[in-house]
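According to the numbering used here, the sequence shown is numbered sequentially starting from 18.
Simulated from the structure, these hints should not be mistaken for laboratory data. Predicted model only: the values in this text are computed from it and were never measured. It cannot be assumed that every hint is accurate.
Across the chosen pairs, the derived CB separations fall in these ranges [unchecked claim]:
id: 1; residue 1: E84; residue 2: H192; range: 46 to 54 angstroms
id: 2; residue 1: D132; residue 2: P80; range: 24 to 32 angstroms
id: 3; residue 1: I133; residue 2: G103; range: 45 to 53 angstroms
id: 4; residue 1: A61; residue 2: G140; range: 26 to 34 angstroms
id: 5; residue 1: D69; residue 2: D126; range: 38 to 46 angstroms
Glycine is no exception: its CB is placed at the ideal position from the N, C-alpha and C atoms.
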Amino acid sequence: MKRLLLLAIFVAAPAFADKLTFNVIGIDCASCAPPVKKALASVAGVTNVSVDVNAKTATVEVPSGFEKAKLREALSNAGFDATFPGEKRTDIQPLPADVVKTLDIVRYDGKSALDIAKVVAPGKITIIDYYADWCGPCNVLESRLERYITAHPNVAVRRADIGKWNNAAAAQATHLGAEALPYIRVYDARGKFVTAVTGGMWDEVLAAIEKAGR
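All chains should be built: construct the whole structure from the sequences, respecting the hints.
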């Protein structure tokens, strides 16, 4: 009986045999650790998640044969990405055009100021993103927002091109308080302004979205 009991315990115990450490793309401050940890911990089979913001890595324990793609997907849905040993990507890549077309994203050329009341998405959190093609951080933020809203259909993005700070959208952004790019304004599902974020720090963007959803 004792031998059978020990055998049953051994069979029932999960085989968390592998410890995996990998790079997390998109960690830009200490406050990024909680959302990274939350995303990874949400994956079935993952335990003992730790995040090193200085090294920009995460460590998890997973069962033998675990599909690493699940970790990448979870991070992507939170606006991050992963590179595993042997991979060399260092940037968050844009989504394919056919995927972006399915998302609630509308672009404006900036030749006229946005009518905020008309462009916000009814019943959704709306991010109005004043951007420019020459702005590197704006392009990074765009990729992160695309990834985020694939898993959060309650969020919409409206992007206004400010050109070279020389059009109507630029004047509107300046009037609203933009001093630098990226500059986003977040509205709740009722169309009420919640907060603005300058600089594109991802932890601040996530905090703004969370605040708008309360």
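Hints, verified against the model:
1. E84 with H192: 46 to 54 angstroms: 49 angstroms, holds
2. D132 with P80: 24 to 32 angstroms: Once the Cβ atoms are compared, 53 angstroms apart, the range 24 to 32 angstroms for P80 and D132 is violated.
3. I133 with G103: 45 to 53 angstroms: 47 angstroms, holds
4. A61 with G140: 26 to 34 angstroms: Cβ of A61 to Cβ of G140: about 30 angstroms, so the range 26 to 34 angstroms holds.
5. D69 with D126: 38 to 46 angstroms: 42 angstroms Cβ-Cβ, so the 38 to 46 angstroms window holds.
Hint violations for this structure: number 2 only, all remaining hints satisfied.
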